[in-house]
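For reference, the chains in residue letters:
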Amino acid sequence: MDLIANLSLGFATALSLQNLLYAFIGCLLGTLIGVLPGIGPVATIAMLLPVTYGLSPTTALIMLAGIFYGAQYGGSTTAILVNLPGESSSVVTAIDGYQMARRGKAGTALFTAGFGSFFAGCVATLVLAAFAPALAELAFSFGPADYFSLMVLGLVGAIILSSGSILKAICMILMGLLLGLIGTDVNSGVMRYTFGIPALFDGIDFVCVAMGLFGFAEVISNLSLKDKRETFTNKVSGLWPSMADFKRMLPAVFRGTTLGSVLGILPGGGAVLSSFAAYTFEKKISKYSDEFGKGAIEGVAGPESANNAAAQTSFIPLLTMGIPSNAVMALMVGAMTIHNITPGPQVMQNNPELFWGLIASMWVGNLMLVILNLPMLGVWVKLLTIPYRFLYPAILVFCCIGVYSLNSNVANIYITAILSVFGYVLAKLGCEAAPMLLGFVLGPMMEEYFRRALILSQGSYSTFVTNPISLSLLVATAGLITIMAVPSIKKKRQEAFQED
Amino acid sequence: MTTSLLSRRTFTRLLAATAVAGLGCFGLAQAQTYPTKPVTLVVPYPAGGANDMLGRLIGQKLSEGLGQQFIIDNKPGAGTLIGATVVAKAPADGYTLLVGGFASNAVSPILFKAEYDPLTAFEPIGLFGTAPMVVITFPNSKYKTLKDVVEAAKAKPGEVMYGSSGNGSPLHLAGEMFTAQAKINLTHVPYKGGSAHILDLIGGRLDVIFDTSTNSTPLIKGGKVRPIAVSSKTRMADFPDVPTFAESGYPDFTVNGWYALYAPAKTPKAIVDRLSVELQKVLKQPEVIEKLRGVGVAPASGVASELAKYGPDEFAKYTKLIKDANIKAD
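Residue numbers (the UniProt record's numbering), protein chains in the order written: chain E, 1 to 500; chain V, 1 to 330.
Pulled out of the complex, with its shape left as it was, chain E reads as follows (with noise of 0.2 Å):
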């Protein structure tokens, strides 16, 4: 078998005493400004490139790779504790996440969010080992008009299964797509919205929106509660999940991973599309739909499952292509140059101890960041208990320097405090933030690919329906607005589920 023998030469080089040893580091790191929100892994990666000139090539690699995975699992921790989102992947686990931090079940939520990553780490390793070649065909045949169509079926997904009302989920997509708007228009140039102001120019970043809208509004709303603050911290029950917890949470980090996967090898925010994704998915499906926004533990499994399994996958395109599909895999190639690699598919069979090495380092890694998490759990939820006049400061001056150091430029901290005024009016309004987050971010994309999908047919626009991938996942779209439309479905459905 040619791939155990593949892998056990990954296995020999992944374990090697210096390699183990900056796996190690590289997870640590990476777990760390995971945590610290808003300092996120392209940075860190970027300062450590220099570092790596002095090692060697398989080396650095591992230890790059392991500051971004690692930044995927710390991620969750502050998502869930503070509910302040540091990656766009983990805005989904904030909402679920940071109710069960409120209903005492932080450390469940923590355990959660490890097991399922380090699942679906494990799985998305051996797709990777497996069918890296194949799977990176699949990124080639996914034009702009399927998309389009993937990002539609999104976003109509986001609103029918909001857990508010409708029309206020509407509302915020809209106000999401418009905020997304502004910046410079991608096919004509023109400046939307930009009051000629440069940092402007390219729009507003992600991560501003997501601590403005989630962190700092939702600092600014506790505070106005006065007397009456949140006294959860004291009733954190057992940091371990109960039976029933891993029946339900099982199921949940199998869909994930199995959807994080697939996703992950489209170029250009796969992590993000996939935690939607799982978010979504699990929502439709569940038993518990109810309880979705309140707590429900399938919507930490399922999303967090999904990044993790993404983050692994996205490394497909580069080793089988050397093509980047995000800026940390564009920095890995970086890494690669630097060395003289030439990324693409001829390291496979040029530098075989590179690829499988730093595969198998994957693994371990996905290990390390388990043994070194799980006996954090408590140290994490203790974090919960420290008064909030120490904790509140704290979150936003790390808030502050994870937006100026997106491009070290002060005019997004500026821009964060616009919006979390904003959001915090939002919140008096009870207006959720998700729906117009994932209008923020999938509104922009669309419109690039609705309008490069009818440039590319010359103005056609049965492009999108004489596309099979494109078709179905349209029809899949018309099958949730039916479902929706029609109440007798959606009361069975219920009943359906009551019978069980």
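Mixed in with the good hints there might be a few duds.
Label pairs and their computed distance ranges (CB to CB) [to be verified]:
| id | chain 1 | residue 1 | chain 2 | residue 2 | range |
| --- | --- | --- | --- | --- | --- |
| 1 | E | L21 | V | G223 | 32 to 42 Å |
| 2 | E | A130 | V | A316 | 54 to 64 Å |
| 3 | E | S460 | V | P38 | 29 to 39 Å |
| 4 | E | G196 | V | A308 | 24 to 34 Å |
| 5 | V | K142 | E | Q346 | 19 to 29 Å |
| 6 | V | Q68 | E | V425 | 47 to 57 Å |
| 7 | V | D252 | E | S460 | 28 to 38 Å |
Keep in mind the hints are simulated off the structure, nothing from the lab. Note that CB positions come from ideal geometry on N, CA and C, so glycine has one too.
Could you slot chain V onto chain E? The hints should help.
Here is chain V on its own, set in the frame of chain E:
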């Protein structure tokens, strides 16, 4: 122990401060000791791209040569304007430099309303590399030469698609210059940077991309895309079988990416000269030459006077092209 250490440190600082204050009066003396503290190299791109990598390479080598740390500061955004503006407004003391080039010093100030004049806001230190454009297509496409592309475009105007990384990118301007010179009509499909345009090319949805050699070299070596022409004056060492634009019948096609080091205007000449001399030394190191070539960049001389002519020439060329083709910003 601690107290004596502290006071000694304060004393040294005082000494240093006096020394620096004294030196300020004498430009020459300042240049002889320059640099006395770390130098910031502003890269107007996010970390990870070709510009960032070249900036880090040159910065590291200048550190070794001048004995002070050269720190990379990534200030991306607004088509490099944000980073370039920071340097244009920085003190002209040689401690804030710009890793500039095609976008910051030629194209972006034409497309956007810049807060600086690219012709007067900077002191040229030296050009350190140029990256020719390579026309690429997917491996089994029907286009074998530039002539095939032109013929297809003449047969069906507007149906041959070329992708770019955005309006005003080198990829776009190269496409516009080619359509103007070949008198054909190609459809431009802009993308938001990244690599999505490459995926659509490999997937056969786009026909060609006029790509920079820094991007396309690894893809060509990996067999994922096929080169059909290069914009360098002579054939590229890596692809000896690929004809130049001139050989293909377009001798006036002159778009290429370029990378240069700039200081803010009015930086003392002695400091600029010191940096330029050091840059020239760096560019002669075999290791640097090899690393630049490895990413598809042809090393340049690093001579300041050469850049003083090259930059304005590029600015004039693209001002005309952008006006003729009616290109707007991205």
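Now the hints, each set against the structure:
1. In this structure the hint that L21(E) and G223(V) lie 32 to 42 Å apart at CB holds, the actual value being about 36 Å.
2. Distance hint check: the CB atoms of A130(E) and A316(V) are about 56 Å apart, consistent with the given range 54 to 64 Å.
3. For the pair S460(E) and P38(V), the beta carbons lie near 57 Å from each other, so the given range of 29 to 39 Å is not met.
4. Against the hinted window of 24 to 34 Å, the Cβ-Cβ separation of G196(E) and A308(V) comes to about 31 Å, which satisfies the hint.
5. For the hinted restraint 19 to 29 Å between K142(V) and Q346(E), the CB-CB distance of approximately 26 Å keeps it satisfied.
6. At about 50 Å, the CB distance of Q68(V) to V425(E) agrees with the hint of 47 to 57 Å.
7. For D252(V) and S460(E), the Cβ-Cβ distance of about 36 Å falls inside the hinted range of 28 to 38 Å, so the restraint holds.
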